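Asker: These are the residues of each chain, in order.
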Amino acid sequence: MSGTENSIHFHERFHIEGGNFTNAGAISSRVKKILKEAGFSSRVIRRTSIATFEAEMNVICYASQGNLSLSITPDFLKIVVEDEGIGIADIELAMQEGYSTASERIHEMGFGAGMGLSNIKNNTDGMILTSKFGQGTHLEFLISLEGEDRLVPLLNAEG
Amino acid sequence: MKLREIRDLLDAELITEDANLDKEIKYVNAADLISDVLAYSTGPGALLVTGIVHPQVIYAANTIELGAILFVRGKRPNEATLQLAIENKVPLLTTRYIMFETCGRLYQSGMRACFAKVKNVRD
Chain A
1115 MSGTENSIHF HERFHIEGGN FTNAGAISSR VKKILKEAGF SSRVIRRTSI ATFEAEMNVI
1175 CYASQGNLSL SITPDFLKIV VEDEGIGIAD IELAMQEGYS TASERIHEMG FGAGMGLSNI
1235 KNNTDGMILT SKFGQGTHLE FLISLEGEDR LVPLLNAEG
Chain B
4 MKLREIRDLL DAELITEDAN LDKEIKYVNA ADLISDVLAY STGPGALLVT GIVHPQVIYA
64 ANTIELGAIL FVRGKRPNEA TLQLAIENKV PLLTTRYIMF ETCGRLYQSG MRACFAKVKN
124 VRD
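Sequence lines, in order, name chains A and B.
Take any residue in the first sequence, note its place counting from 1, add 1114, and you have its number in the numbering used here.
Take any residue in the second sequence, note its place counting from 1, add 3, and you have its number in the numbering used here.
Simulated from the structure, these hints should not be mistaken for laboratory data.
Mixed in with the good hints there might be a few duds.
For lysine-lysine, the following DSS-like pairs were computed, each having C-alpha atoms within a straight-line distance of at most 30 Å [claimed, not checked]:
(1) A:K1150 - B:K26
(2) A:K1147 - A:K1192
(3) B:K92 - A:K1192
Here are some chain B residues pointing at chain A (derived, C-beta under 8 Å) [to be verified]:
(4) L36
(5) P58
(6) Q59
(7) V60
(8) A63
(9) N65
(10) T66
(11) N81
Because the structure is a prediction, the values reported are computed rather than measured.
Ideal Cβ positions, reconstructed from N, Cα and C, are used throughout, including at glycine.
If we strip away everything but chain A, and leave its shape as in the complex, we get:
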């Protein structure tokens, strides 16, 4: 993922407050709005929105705070989510569908299905997840741009 910094056409960073369920989903809605206004195809918007929504929820459910950044290049969209929190003890286990460490309170709100990380994996074209247990988690994922979607960052840069 190196060598792309020179071609970033858009970058924005959002703060996520852990434990604040009231506005959970607000950041991914803003990301979706940015992509929609830029003119990306509904497929790209949908995949990015689902992955971003899940990533945002993970910060809210399991971390004290975090940041989500969106970068747009002519080749791909890149989302990086870093948080300070309990982290993940066993990443391989966490990636399994249905595995969850969510509390009763989180379940009551309709979260903690154990599908979040696999939902992210299934909707992206590359995903890196690292974590220091007890400290936090670093997640990044890419959505490749193909066909007309490749023109969107360039058209917006000119406009």
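On the provided structure of chain A, position chain B as indicated by the hints.
Answerer: The following block gives chain B in isolation, referenced to the frame of chain A:
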């Protein structure tokens, strides 16, 4: 099936008063967990049958462009959820039928799932 027909079929109440009842709905997903909503409500314009009334269900609806949300078991959203639904133009309905009965009646009327069967998740 039009939203109006779904309302009548399930003796449901339209909560977002200004919503367009002529909206055409082709597919349905029923889930009580947000991740399942995101994973299995494939294709825009689907009806979500759920018991989740928190604002997150509206954010999820917006993420995958749901056609409408039908709350079961007589559940009603709070004011924050309702306002968010109005802002995002997501029609909300509520029925006193339970999830099973709601899905059964919809299926019998010709509605089909967005996504019928998952692959073996624990192999």
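Asker: Are the hints correct? Go through all of them and say.
Answerer: Hints, one by one, checked against the model:
Using a Cα cut-off of 30 Å, the hinted pair K1150 (chain A) and K26 (chain B) holds, with the two alpha carbons roughly 22 Å apart. Restraint check for K1147 (chain A) and K1192 (chain A): the C-alpha separation of about 16 Å stays at or below 30 Å, so the hint holds. With a CA separation close to 29 Å, the supplied pair K92 (chain B) and K1192 (chain A) stays within the 30 Å bound. At about 4 Å, the closest approach between the beta carbon of L36 (chain B) and any beta carbon in chain A falls short of 8 Å, and the interface hint on this residue holds.
Nearest Cβ of chain A to the Cβ of P58 (chain B): about 7 Å, under the 8 Å cut. The hint holds. Annotation: Q59 (chain B) was flagged as interfacial toward chain A, and the flag holds, the nearest CB pair being 5 Å apart, inside 8 Å. Taken as an interface hint, V60 (chain B) checks out: its beta carbon lies about 7 Å from the nearest beta carbon of chain A, inside 8 Å. Given hint, A63 (chain B) at the interface with chain A, holds; its Cβ is 7 Å from that chain's nearest Cβ, closer than 8 Å.
Of the supplied interface hints, the one on N65 (chain B) holds, with its beta-carbon coming within about 6 Å of a beta-carbon of chain A, less than 8 Å. With 8 Å as the threshold, the beta carbon of T66 (chain B) comes within range of chain A, its nearest partner Cβ sitting at about 4 Å, so the hint holds. Interface hint status for N81 (chain B): violated, as the beta-carbon distance to the closest one in chain A is roughly 11 Å, over 8 Å.
When each numbered hint is compared with the structure, a violation occurs for hint 11 only.
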